[in-house]
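Asks: Here's the letter readout for the chains.
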Amino acid sequence: MFLQSIFIQKGIIMKAIVLSICVGLFFTACTSSGLSKTGGGERYTYKGMNFGSNRTISFKRGVVDGCDTAAGDYRKDHNAFNVDQNYRMGWGDGRLQCYDINKEKDR
Amino acid sequence: MKKIFLSLTFVLLYMSTSDAASYRKHRVNVKPLTRTSFELTDVNSENPHVVDLKGKDFFVISVREPGSDGRVYAVDKDGTIWWMGVISSGAGGGTLVKKGNKLVPRGGHETSNDIFKILLKRRFHMSQTHPNPNGINNMDFELLFTQDGEALHLGNTAAMSHGCIHVGRQNISTLFKWAKVGMPVVVMRGSYYPFVEDEIVQFKKDLKAYNRETGSIDENIK
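Chains as they are written, first to last, in the working numbering: chain A, 1 to 107; chain B, 108 to 329.
Bear in mind the hints are in silico, worked out from the structure with no lab data behind them. Backbone N, C-alpha and C define an ideal beta-carbon position, used for all residues, glycine too. Some clues are possibly wrong.
Claimed, not checked - With the C-beta cut set under 10 Å, the calculated list includes, among others, these residues of chain A facing chain B:
1) 45
2) 46
3) 48
4) 50
5) 64
6) 70
7) 71
8) 72
9) 73
10) 74
11) 76
12) 86
13) 88
14) 89
15) 93
16) 98
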């Protein structure tokens with residue numbers, strides 16, 4: 001009787017483990033399929049603006065410098081701008097997106 | 108005979124000095140060839156030579172006159188036009204006088220064309236030739252670029268000047284902070300704005316062709 005109850009309890013525990021693994025796999029599968037639909041990777045936002053997914057560190061550094069420059073605080077790593085395409089694109093993208101188009105008239 | 112010759116020489120010398128004084132404006136014509144290179148010609152649009160400022164931080168001022176932009180541009184050492192702002196410049200009012208077969212401007216308050224250099228930076232300043240009667244500084248954020256007193260400074264962009272470049276409050280502190288003594292200042296007639304448009308179009312194309320996986324620009328898409 002005692003042994004039987006142990007086996008029943010073990011069965012319940014096994015079922016619970018199998019079930020939790022299945023649930024885990026299900027959610028993992030959902031997450032990865034969702035990512036692939038959106039192009040993959042973490043989205044990079046700066047000052048509330050979307051600068052795309054899968055951005056490199058140097059691209060992000062470029063965005064920050066370009067955005068500060070657009071606000072009037074000139075920042076640029078000239079060496080990186082001339083040799084690193086990621087930084088160059090980030091700097092330009094940051095400058096364009098952070099540029100307040102409403103101020104164009106005054107500038 | 109000797110006296111006549113001496114007095115004639117004196118009269119000729121006086122006339123040439125007088126000509127030189129009235130000849131001071133627009134001794135140079137400046138035409139932009141690229142974002143960083145400029146063709147300079149003399150007052151008769153002759154003797155051209157090209158100055159390339161690539162690798163230097165500099166200002167371009169296209170004066171406030173018909174056919175020009177009325178803007179100041181800040182160009183960095185990579186040739187990026189990173190800032191621009193509305194300006195007003197010299198009020199003009201000079202006249203063209205005929206000298207031989209040539210028309211030469213005389214008088215007025217026109218901003219001179221040329222490639223100058225910033226001679227000094229002064230955060231607070233009052234004009235000595237045109238002081239404000241209320242004692243309020245009228246040349247704050249001064250970036251002096253000629254010995255005659257022509258400078259970029261904080262001023263009313265709705266009013267023309269005695270030859271200086273008035274820059275509005277929203278732009279002058281940015282430009283003043285970036286400027287350095289010795290930095291070239293290109294003052295020109297004609298438009299420089301097409302280079303800004305080219306830059307924006309080119310960058311948008313580059314961004315479209317940018318491959319974020321490899322960090323390179325796809326020449327086929329471009």
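Asks: For each hint, tell me whether it holds in the structure or not.
Replies: Do the hints match the structure? See the list:
Using the Cβ-Cβ criterion of 10 Å, the hint placing residue 45 of chain A at the interface with chain B is not satisfied: the shortest such distance is roughly 16 Å. Interface restraint check: residue 46 of chain A against chain B, minimum CB-CB distance 16 Å, threshold 10 Å, status violated. The interface hint given for residue 48 of chain A is broken, as the beta carbon of that residue sits about 19 Å from the closest beta carbon of chain B, more than 10 Å. At a threshold of 10 Å, the smallest CB-CB gap from residue 50 of chain A to chain B is about 14 Å, leaving the interface hint violated.
Contact between residue 64 of chain A and chain B, as hinted, is not supported at the beta carbon level, the nearest pair being about 15 Å apart and thus beyond 10 Å. The closest approach between the C-beta of residue 70 of chain A and any C-beta of chain B is roughly 9 Å, which is under the 10 Å cut-off, so the hint is satisfied. Checking residue 71 of chain A against chain B: minimum C-beta separation of about 9 Å stays under 10 Å; hint holds. The restraint placing residue 72 of chain A at the interface with chain B holds, with a minimum CB-CB distance near 4 Å, inside the 10 Å limit.
Against a cut-off of 10 Å between C-beta atoms, the interface hint on residue 73 of chain A holds, since the closest Cβ of chain B lies about 8 Å away. For residue 74 of chain A, the shortest C-beta to C-beta distance to chain B is roughly 5 Å, which falls under 10 Å, so the interface hint holds. The restraint placing residue 76 of chain A at the interface with chain B holds, with a minimum CB-CB distance near 7 Å, inside the 10 Å limit. Because the closest C-beta pair between residue 86 of chain A and chain B is about 5 Å apart, less than 10 Å, the hint holds.
With a least beta-carbon distance of about 8 Å to chain B, the hint placing residue 88 of chain A at the interface is held under the 10 Å criterion. Evaluation of the residue 89 of chain A hint against chain B yields a held restraint, the C-beta minimum of about 5 Å falling below 10 Å. Evaluation of the residue 93 of chain A hint against chain B yields a held restraint, the C-beta minimum of about 6 Å falling below 10 Å. Look at residue 98 of chain A: its Cβ only gets to about 12 Å from chain B, farther than 10 Å, so that hint breaks.
The structure is inconsistent with the numbered hints 1, 2, 3, 4, 5, 16, although it conforms to all the rest.
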